Amino acid sequence: MFKAWDSFLKGLRTNRSIKTTFIEKPKTTEKPDAIPFPDEPQKSHFCLDSPMPMDRLIINSPVLEIDGWFFDSFGEPAQSIWIEKDGVSYPVEPVRREDVKKTYSFLVDLWCGFRARLPLSLEFEKIEILALHRSGRKEVLFSFQAKWSGLVQEADSQVRFGIDQPIAERIVTDGYWMEISGWCFDQSGKAAQAVWLRSSQQQIRAERRIRPDVKKDYPKLQDLGCGFFLFLPLTEEEQQYSLEAEFLDGTIYPLKTFSARRFNRKEKEEQYAQWLLEESKFKEQDYLATILKDTQFAVQPFFSILVFYDQRWKEEDIYRVLSSCFSQFYSHWELWLCPYGAGPVFSVQSFGYRWPGAKQKIHFLEKTATKAEALNCVLTLVQGDYVVLIDPSVLISKEALFVFGVTINWHPDLLMAFSDEDSMDESGRRSDPIFKPGWNPELLRSNNYIGLAAIYNKKAVLDRLRIAPLLDGQEEWDLALRIGSFDCDKNGVVHVPRILFHRFCSKQAVGRNNREDKERLVLETDCRLRGKDEVTIKKTEEGWHLRYSIGSLSPLVSIIIPTRLPLPYVKTCIESILSKSTYRKFEILLVINGYGSLDQEQKAFLSEYCSLKPLRLLWYDEPFNYAAINNWAAKEVNGELLAFLNDDVEVISPDWIEEMAGHALRKEVGIVGAKLYYPNLTIQSDGMILWKDYRRFHGMSRELAGYLGLAKLCQNLTGVITACALMRRELFEQVHGFDEEFAYNWNDLDLCLRLKERGYWTVWTPFAELIHYCSVSVGQESIDKQQQWEKEKELFEKKWKEKFPSDSFYNPNLSDSPPFYRLGTTPWDIKVWEKKKNG
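Residues in the sequence shown are numbered consecutively from 689, following this note's numbering.
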């Protein structure tokens, strides 16, 4: 985990509440790595908070509200900002923006914000936001077209509706889904029976939402549930969509048409280039130059860079990686060239005179037969406290060793540190960033997400090698698995969320015969060293799946289902468990909340199912409290394992119990969560990101693997939802069950954090799949329940925010708002440095 870096920000959390796209239009053609100096033309830092920056907007109001902020490269606001619409100028109101100043720098002027209101017509009009720099230069910050929809609130005089999102006719976004929302009712005040989004390839039914705000504006509205909401999965291929409302009499009214797609590869590369440009504006001139000058290390670690190569690599490839090493800001290092197989042998004459001090820093290992043999040999010769294992496909950024030196000083007992990485071509152009999660041993067994971007404590490496030699062909993966421990807080593994390594060339993929067999052998060795002999290891498209055996004891699983008997959902739930589950040693505790309110159909259902052997009926007559119901029911179970299940789920994976129980029985695991879908098989829940309002890949299609394949790889997370979760009964009792102060929400995440406090991991598996019809047992949304949600959220933040200020499994360089796993608006290290200067 990046605990060290995160603790650096403790109490100084960056306010990343800006939820719109960062738009910047530098007027220079410099490379992304160029450094701005004071004598260069001033550059613009500009963000449009509202409306969403699109080429063409259709607004549901005759007045367009514009909000944003601007400052130049010196932190100064513009001399003036104004808006032009069809030749008419409109002034803006200056706005105090403490959030921008807090995020970027104490040098930024507080009054860098602006606000304006523009009248709109029923026809598209060109709108430009302009700034006059203090140097006298005029700049167009953003240009778009907008119009008032006019009829968007009414269709054929029979239907009133409003579209909250999208407001544009054409949407191109970096997200893999987009939000569709609004409201609709007929002239009698009744809400539509259904709202559909249709295209030539699919149709999606929207969920209902309560809209008290609409009731306020339209008192004749009879149904607060007139709102609608859905997630639209996007592809790179642009598609046309039609949003339609269907009423009880069968009448269908068109609400909106639009087109949408997500970024293609070129657009992603342009976005990343812009992100790098933002980073480069301070990188050497401000951040590194200052910190290098002021830093005095208590410990000056010595690094040994080990470059392994075989016959694939030529002298120019070696020269390239050596050049990256000799550009380091940090000087305490040596380099060893380690040929193996048929790799060429170089001498001091090859490279010894190309850089100052090269003859003293470069060392040459005699050729060995394999890379593993070369590693075992060179480790006995190197002088470094820490070793870096790379090949000529990897270049090291010039600040890498310095940053790792800082990390070691923060963590004197460091065993391993790893960083983020990207790709670089021959022209120096960078692309395809990989922003990794923090230390995640379960994910590491699913896929070697750490790769070559790491340093290792030499003593720890030698200790691990005494157990068994590293496996040839997958040395780094084997080593990372051996280094990592299972202690939540003191594992000696640190993630540095900064790009310190660059993948260079396509030769990486050459010469990997029998790769699958070698990877399987790494995992088999890892399982054997951990004492996990009964593990089934299967290759998947994204990585590997380890199925842990339940063992010969076949523990009884007690499935607790709180319910108010919403038929037919609960019937579907129970029947799917009984008919599909391949593991048969279970009991079902159907905990009925509110017997007196049951109708005849519900009572008949209970009479029918009472005779089923694995089903037990329990009666809970207190007011609904999810935490309290489960705590009470957990005292009535007979099983060693507890499965918490909502009454509105349906089993997809027949082996869901075996998959989850295999993890739950491991001593280091606290709780296990499943992968849940909406009925249309888009993701409803695949684990939670701490302090984010949405779940990770919420709304993404089942067939998609998501960022880094994470939607289809088993991994550790901060939290899972207990709509389907499984854990050991004795562990549930140790932590005293659910906290009953969280009656409706946050009880599951609170349980996960209390387990984490005690050193247990939360595991999420995509190989236990169920459909979730979403809180049917709790009933329809209401204003009271929304208020309860806010109350419990406030309580949760008060309880946990200080102890767990961020989520180590979510990289801070990625987006703060959904869809998640997009590139964030500001590089994380800029925020760290600005906080340090202000601190």
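Honestly, I wouldn't trust all of these hints.
Taking CB as the label site, the calculated pair distances span [claimed, not checked]:
{"#": "1", "residue 1": "S1119", "residue 2": "R1216", "range": "17 to 25 Å"}
{"#": "2", "residue 1": "Q999", "residue 2": "E1418", "range": "55 to 63 Å"}
{"#": "3", "residue 1": "S1237", "residue 2": "E1418", "range": "17 to 25 Å"}
{"#": "4", "residue 1": "E1485", "residue 2": "G1447", "range": "44 to 52 Å"}
{"#": "5", "residue 1": "D852", "residue 2": "K1147", "range": "57 to 65 Å"}
{"#": "6", "residue 1": "D852", "residue 2": "G1447", "range": "20 to 28 Å"}
{"#": "7", "residue 1": "L798", "residue 2": "K1220", "range": "30 to 38 Å"}
{"#": "8", "residue 1": "H1020", "residue 2": "S831", "range": "31 to 39 Å"}
{"#": "9", "residue 1": "E1485", "residue 2": "D852", "range": "52 to 60 Å"}
{"#": "10", "residue 1": "K1486", "residue 2": "S1011", "range": "28 to 36 Å"}
{"#": "11", "residue 1": "E1418", "residue 2": "P1367", "range": "52 to 60 Å"}
Honestly, the hints are just simulated from the structure, not real lab data. Here the structure is a predicted model, which means the values were calculated and not measured. For glycine and all other residues, C-beta sits at the position ideal for the given N, C-alpha and C.
Hint check:
| no. | hint | verdict |
| --- | --- | --- |
| 1 | S1119 to R1216: 17 to 25 Å | violated (39 Å) |
| 2 | Q999 to E1418: 55 to 63 Å | holds (56 Å) |
| 3 | S1237 to E1418: 17 to 25 Å | holds (20 Å) |
| 4 | E1485 to G1447: 44 to 52 Å | violated (23 Å) |
| 5 | D852 to K1147: 57 to 65 Å | holds (58 Å) |
| 6 | D852 to G1447: 20 to 28 Å | violated (44 Å) |
| 7 | L798 to K1220: 30 to 38 Å | violated (57 Å) |
| 8 | H1020 to S831: 31 to 39 Å | violated (52 Å) |
| 9 | E1485 to D852: 52 to 60 Å | violated (27 Å) |
| 10 | K1486 to S1011: 28 to 36 Å | violated (52 Å) |
| 11 | E1418 to P1367: 52 to 60 Å | violated (36 Å) |
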